[in-house]
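Mind docking chain Z on chain Y? Use the hints.
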Amino acid sequence: MIEAKRLKKYFPVERGFFRRKTGEVKAVDGVDLFIGKGKTLGLVGESGCGKTTLGKLLLGLLEPDSGEIIKEKGLKTNIVFQDPFGSLNPRMRVEQIVTEGLKIEKRIEHLKRSAERLMDTVELPRKSLAKYPHQFSGGERQRISIARAIATKPNFIVCDEPVSSLDVSIRVQILTLLVNLQKEFGLSYLFIAHDLGAVRHMSSTVAVMYLGKIVEYGPKEEIYKRPLHPYTKSLLLSAPTPYPKAKKEKVLLKGDVPSAVNPPEGCRFHTRCPYAFEVCPINEPLLMQYSTNHFCACHLHQPKSNKNI
Amino acid sequence: MRLVFKQKKIIFGLGLIIIMIALAIFAKFICPQDPYQINLGEHEKLQPPSFEHFFGTDDLGRDVFTRIVYGARISISVGFIAVLISLLIGVLLGAVSGYYGGKADWLIMRLVEIMLCIPTIFLILMALAFLGPSIRNVMIIIGLTSWAGLARLVRAEFLTLRERDYVLAAKILGASDARIIFRHILPNALSPVWVNATLGVGGAILIEAALSFLGLGVQIPTPSWGNILTDGIYYVDSAWWLMIFPGLFILTTVLSFNLVGEGLRDVLDPRLRK
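Taken in order, these protein sequences are the chains called Y and Z.
Okay, so the first sequence: first residue is 5 according to our numbering, each after it adds one.
Okay, so the second sequence: first residue is 184 according to our numbering, each after it adds one.
Derived Cβ-Cβ restraints for the label pairs, each shown as a range:
#, chain 1, residue 1, chain 2, residue 2, range
1, Z, A205, Y, R111, 47 to 53 Å
2, Z, E346, Y, K75, 22 to 28 Å
3, Y, F89, Z, L294, 34 to 40 Å
4, Y, K75, Z, L299, 46 to 52 Å
5, Y, L65, Z, K189, 40 to 46 Å
6, Z, G285, Y, F89, 27 to 33 Å
7, Z, K286, Y, K229, 51 to 57 Å
8, Z, A361, Y, D124, 29 to 35 Å
9, Z, D360, Y, K157, 21 to 27 Å
10, Y, K187, Z, D360, 32 to 38 Å
11, Z, D360, Y, K75, 19 to 25 Å
12, Z, L271, Y, P94, 22 to 28 Å
13, Y, E50, Z, I323, 56 to 62 Å
14, Y, R111, Z, I201, 45 to 51 Å
Taking lysine-lysine and the DSBU-like style, the derived pairs with C-alpha atoms no more than 30 Å apart in a straight line are:
#, chain 1, residue 1, chain 2, residue 2
15, Y, K9, Z, K354
16, Z, K354, Y, K131
17, Y, K135, Z, K354
18, Y, K157, Y, K187
19, Z, K189, Y, K135
20, Y, K41, Y, K75
21, Y, K43, Z, K354
22, Y, K187, Z, K354
23, Y, K41, Z, K354
Bear in mind the hints are in silico, worked out from the structure with no lab data behind them.
Glycine included, every Cβ here is placed at the ideal spot set by N, Cα and C.
Next comes chain Z alone, as it looks inside the complex:
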């Protein structure tokens, strides 16, 4: 645990993530303005950054800083919930596959291969076309399409751990399969899972932004980093702030999750330890 906080990557990344989460939670206090407040006045629309509007205003005169801060709520919660769903599915299927082997393993691994064959973004677009775009659907669909790698990872861990002597010892004591899986193998299999999940949060935020940018994710007027970006594409040459700031927020957040993920990997994988 102490090693975790010696890693500069982790401290830096975690610091940025905490700032983002704080922005999301305390959005109301940080931005007294209403993210939906439209101001069509000639001096309110498409204003460049100023003291009054840190990140300027958009074509409807809404404060971009406020919308980005409120958008952090959407983006970060989509990231976490999607990864939570994929963790539940991936860990469970991977555990069953690796522990029991045989037919169950064969079936699950073929399913994983199918999932990994189809480009995720097509799968998501197709599913969203059927279910209709909404925040909830985006979370669920990203979760449902990103568990395959995790399942493989967990399976590989289970394959090696189930042969450990302490697992045999538990078997001799008469431990049930559930007890062996959840008490003996899973706690020891989690290190690579945490790394993968952390990187996964960044990935999910990126997918959400892409979907919202395409209009298939979070629906306007609810602000999300992706759809603020969409608003900006018509004004690339005149109002740069509409694209730069949401883009920077996406970049920073994904980068910080990746930094934490990589830092965790360095700490948890003894082969990489110096």
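Pulled out of the complex, with its shape left as it was, chain Y reads as follows:
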């Protein structure tokens, strides 16, 4: 459906009057991924690790510096944003917001009926169409955002932390809506999140990202039951779990995320990793296969074979 190969995006850091380039933010640094039809890839990582940049690259909002994106013919993309207050134009009525895509595509017959059907799909009352975004709560706005995203019948949607800014009680409703839409329309999702909680609800496959690189990649069950990378383990530890008594390996992170402008040499995670040893600051670990479709980039583990995703 959609595939990325060795995708890279660096942002130059300019300083001073003459705009000298003093460094680069390696937002996305050689990422491979594949999302099949009707499937969800959960992308997890801390703020600033390049998740959103990766999403924008896949949507074509940014040009990659190198690498390629292979899209299936007829692939139509859209996005649902994190911030339900900044993602809707405050001067437009809901009807204008959700039908804009149709108008741009010149599918202007039955606009009103399409808008009403969209409201039904995202479970909002039809009279919402005449209102302005500020008259809605965060969860309702996110429903409007979803209606806008599905209006033009796309088959791939980037969900950029769609529930992170919502009340916990609302989150499940929005996630359930997204799952139902996926079943109904056969949508593929790139589901971005900063913890593994929401991703568990949504994804079939999970990718863990740290400072521009994917450090672990695999089927949901594998990642949650047998995490390999210390970073994944620490993320799992920080997420609330339905089995609080289950025995868990304690992995506590030291310090903050290092600057993405000059990421650490060797393994980028070694400055915070409690298991780091001699090799880690010197050699950068490659993403290697451990079991069927389970990949990890860490010197602590011995791979079965060295193969790309």
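Same frame as chain Y, but now just chain Z:
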């Protein structure tokens, strides 16, 4: 919208502006006298205010109240049309500059800096010297020389708004640049523009008065607040009414536009809201 009418500044200023506009529109009914009617009789020239002539008469025996009321037409229309011209130029250039960035932005911003470097009044005087003084030229030239600040303002708004998620969402839907600029960004960028434009009307009226006072604006015998003032300078010690009344009208009008502008700013800028 309801907040707008809770502001005392706005109500007061708007009330005065409406009175001024009403005077300008209904000048004929308010003043039955002819503003050009000359009366050189000994008892008609330079008469102090009386029931017959509210604001007295000038050196040619013309009724000053009538001339001021007719002058309101000129002053207010110059104010609005000049600002309209500067709005058109400023908003368009600011939008292009802020939205596209790059070379266009560089060029427009240098142009803005040049405009802001040269004192406006010199620029206007120079242009009027070439084109010749007339009401139309005054409107156009004030408009052409006062867009720079607006362009900067609009550019700044566009720079922040173009990064908003709803703009990205429109881009993903395949919206054209024009659609994004005019439907998504501009409507959200207009609040500071309205404030600036309202203050601009007051400013333009003041410039027009200054130019007419210097004889470079509206030409006599057409009455404008500026040139009524000029008539008065020879009689400062004997006929005070010739300077006081047009001066008061200029003051009141500019003040009321400034009040409305400031009130709008208080309402539209959430940072100033209490």
